[in-house]
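Colleague: Could you build all of it, start to finish, from the sequences and the hints given here?
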Amino acid sequence: MPSGEVDDAQPGGGVGASTTGSATLLGQGYQGAVYRVETADGPVIVKKPIGRGVARALRRAMLRREYGIYQLLAGVPGVPACRGLRPGDELVLDLVPGVSLREPGQPAGDRERFFAELLQLIQAVHRARVAHGDLKRKDNILVGPGGHPFLIDFGTAVSAPPGSGALRRWLFRQMRRTDLNAWVKLKYQRQWVEMDPADRKYLRPTLPEAVARRLRRAWRRLTLRRLRRPRPD
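Numbering (my numbering), first residue to last: 1 to 233.
Derived lysine-lysine pairs resembling DSS-like cross-links, with alpha carbons at most 27 Å apart:
1. LYS136 with LYS201
2. LYS201 with LYS185
3. LYS185 with LYS138
Worth flagging that the hints you see were computed from the coordinates, not collected in a lab.
Modeller: Listed below in structure tokens is the structure:
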């Protein structure tokens with residue numbers, strides 16, 4: 001990974017005096033660049049907007065929005081603590097030592113315990129009036145110290161604090177269902193015959209998910225027909 005000072009070749013590109021230290025670029029996404037930065041208090045994650053003009057302004061707005069989500073989630077175990085939003089809309093988060101759920105063999109150890117704790121974590125996030133919205137992506141779930149789950153990357157999360165309008169509350173409910181659907185699919189890996197009856201209540205696909213599933217099935221049937229069709233000699 002590239003390392004050095006956090007900079008995107010623009011004036012004022014650093015993360016600020018309180019987080020000055022060796023920095024390692026972990027990756028870039030739709031919000032900007034993600035760095036691991038060493039500080040006097042230990043390593044942190046810094047999410048920094050990149051680009052220029054409208055693209056940079058949009059990324060700054062996304063990071064400000066995500067900062068607001070982390071404020072709602074303050075104190076929820078299993079969610080990285082937010083250190084604040086630095087000048088330039090650089091989001092600073094605690095670094096969680098762990099591995100992605102995407103890694104082979106994860107979760108290691110007690111799988112039942114891990115998914116029971118993951119469900120409790122998702123429900124705690126929902127009680128804070130936040131829905132993650134992107135838990136089907138395994139990289140957003142970490143297996144942390146002791147094999148406990150952590151949720152990261154709330155860039156696409158939806159919140160509905162008290163006083164939210166009807167549309168926002170409806171969207172929150174849809175994303176909440178999406179989170180629980182994702183939990184079921186991750187736990188059972190689509191082996192539905194093995195599903196605990198107590199978990200069936202969490203599998204309630206939203207309308208877009210149901211439509212997408214039907215389209216996938218139709219495409220598979222069409223593809224199979226083409227494969228089975230005899231070819232002329």
